[in-house]
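Sequence lines, in order, name chains G and W. Everything in the first sequence is counted per the working numbering, starting at 1 for the first residue and increasing by one. Everything in the second sequence is counted per the working numbering, starting at 1 for the first residue and increasing by one.
Worth double-checking, as some hints may not be accurate.
The list makes no distinction among identical chains, and a pair is therefore deemed to hold if it is satisfied within one copy or across any two copies.
[Stated by the list, open to error] Distance condition first, Cα-Cα at most 30 Å in a straight line; then the derived DSS-like pairs of lysine-lysine: (1) Lys-45 <-> Lys-118; (2) Lys-65 <-> Lys-118; (3) Lys-118 <-> Lys-288; (4) Lys-288 <-> Lys-187; (5) Lys-65 <-> Lys-17; (6) Lys-187 <-> Lys-17; (7) Lys-187 <-> Lys-65; (8) Lys-187 <-> Lys-45.
Everything labelled a hint here was simulated from the structure, so no lab data went into it.
Protein chains: 2
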Amino acid sequence: MNAVNISSNKSFGGWNKQYSHFSEVLGCQMRFAIYLPPQTSTGEKVPVLYWLSGLTCTDENFMHKAGAQRVAAELGIAIVAPDTSPRGEEIPDDAEAAYDFGLGAGFYVNATQAPWSKHYQMYDYVVKELPELVESLFSVSSRRAISGHSMGGHGALVVALKNAERYASVSAFSPISNPVNCPWGQKALRNYLGDDRQNWAQYDASELMKASVSDLPEPVPRLVPALVDQGGADDFMVEQLKPEALEEAANVSGYPLELRRQDGYDHSYFFIASFIEDHLRFHAANLK
Amino acid sequence: MNAVNISSNKSFGGWNKQYSHFSEVLGCQMRFAIYLPPQTSTGEKVPVLYWLSGLTCTDENFMHKAGAQRVAAELGIAIVAPDTSPRGEEIPDDAEAAYDFGLGAGFYVNATQAPWSKHYQMYDYVVKELPELVESLFSVSSRRAISGHSMGGHGALVVALKNAERYASVSAFSPISNPVNCPWGQKALRNYLGDDRQNWAQYDASELMKASVSDLPEPVPRLVPALVDQGGADDFMVEQLKPEALEEAANVSGYPLELRRQDGYDHSYFFIASFIEDHLRFHAANLK
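Extracted from the complex, chain G is given alone in its bound form (with noise of 0.2 Å):
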């Protein structure tokens, strides 16, 4: 595994990085963006929060628009940005190139439709192989906490859920919370996983914490912390986000989630940025 680094910037006495590599799970070349704080540059071994972008989002917006470096570095936690899809000329997009499928919108399942599903596979370079060659690459622990915002809120529930044993905590801004029951998620588990609405709920934040302890074999596993903020002002929050499902599924299967509801803010980056602070002392007290 090798990555070519394609850009570095100082920053609070550490280093944003950008990485290009080809991702064999994706069949394509793929671009990551990493925070390493000041500790790594003394060998120290730091853990790692994984960021999901929300749609339309390449791995910049997070590292360029969050303000979240002061902190990391303050903590010693490093910050690794995914793109939010496969990339290039030869992988399928929209047919009306929307922003909402297909290219900037890889939704983190794996895909098992046509034409989909040969470069779709977004789970499987979150979960496994973007760890893989970041831990390889990187003066970083293997102790990883998960966050994102929107279409990556979504991804981060879900792939926290479904891993519990690889993630020591969660959060989310603003996330898709029930994707079965809303357009975005209706249009892209279809695309990507067919009608067959049963294979959709693996991929649904709500469902899966529902399941999670009552449904679930004994022993019952270890339940990873989650925060949620989600903004009062958010245009997308009733017909797209729905943040009453997953309260709900944590009332009743006894998750342990905080949501928090933020009165007045929205959907931006404005948003994130005002309490990015909070989410990474929440991961920090959980890393240690």
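Go by the hints and put chain W onto chain G.
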């Protein structure tokens, strides 16, 4: 005077907003961004930091990437970010649409040469028209500070040096410190002001700083305290920025300048974000 609100995003308990207005000085429609800290919601009149951006930027870059809102909210300082030139289809641009002259590159001067002089009057816009508009529209006082990056660092220093009575403090990141002696500055000043180099010095921070004490009549006016950060790994430092000229000017005149060289940092917003807190606290101390 009026302005139309075109965006509002809650940010750290305050509001990040954009406005469109017709500028009489520039003869075109202009956009600016303002961060209103939470203190303004109770009618408190807060001081204003004006931020002048660099080449190619608009009113958005600083607000999206510098991470300034957190500390501005804590300190109770509004931030206003104007655009970097007049805008619109009727505005003349560089013949080759180069990034370093014309649209996005007004250099904060009052042009005297055709065809630029009709619209390129950014100095008067920043010093007079914009503050008047801001102070008429928002819950802000007439206490002002000014800062900027690169071309905007040049602008901030020039504006403060020429208007000591209007600004409590000035700061800059990687400013074009001696434009009469660098390619960016010479191209802009020749085009906007004509071939007579004597007219260029009024927009050269090093020239103004050198003359700030010794050449001015008694009583010596108040000197605006200045803080400058320069990245040590900035690719533009040697040819375009010339911080040593500013240091020399301050040494000659005894000007209250603190110029810090930050090892390893480049010309990007990753650098600005790393030190903007220091600048905000410097301005807050002087705005008291």
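A quick look at each hint next to the structure:
Within a single copy, Lys-45 and Lys-118 get their C-alpha atoms no closer than 35 Å, and across copies no closer than 59 Å, so neither meets the 30 Å cut-off. Proximity of Lys-65 to Lys-118 under the C-alpha cut-off of 30 Å is found in neither arrangement, the shortest distances being 32 Å within a copy and 36 Å between copies. Taking the closest pair of Cα atoms, Lys-118 and Lys-288 never come within 30 Å of each other, the shortest separation being 39 Å inside a single copy and 62 Å across copies. In the homo-oligomer, the alpha carbons of Lys-288 and Lys-187 never lie at most 30 Å apart, since the shortest distance is 39 Å inside one protomer and 55 Å across protomers.
In this assembly of identical chains, Lys-65 and Lys-17 lie within 30 Å of each other by CA distance both inside one copy and across copies; the values are 15 Å within and 16 Å between. Taking identical chains as interchangeable, the C-alpha atoms of Lys-187 and Lys-17 are never at most 30 Å apart, the minima being 34 Å within one chain and 33 Å between chains. Proximity of Lys-187 to Lys-65 under the C-alpha cut-off of 30 Å is restricted to the intra-copy arrangement: shortest distance 28 Å within a copy versus 33 Å between copies. Taking the shortest Cα distances, Lys-187 and Lys-45 never come within 30 Å of each other, neither inside one copy (41 Å) nor across copies (49 Å).
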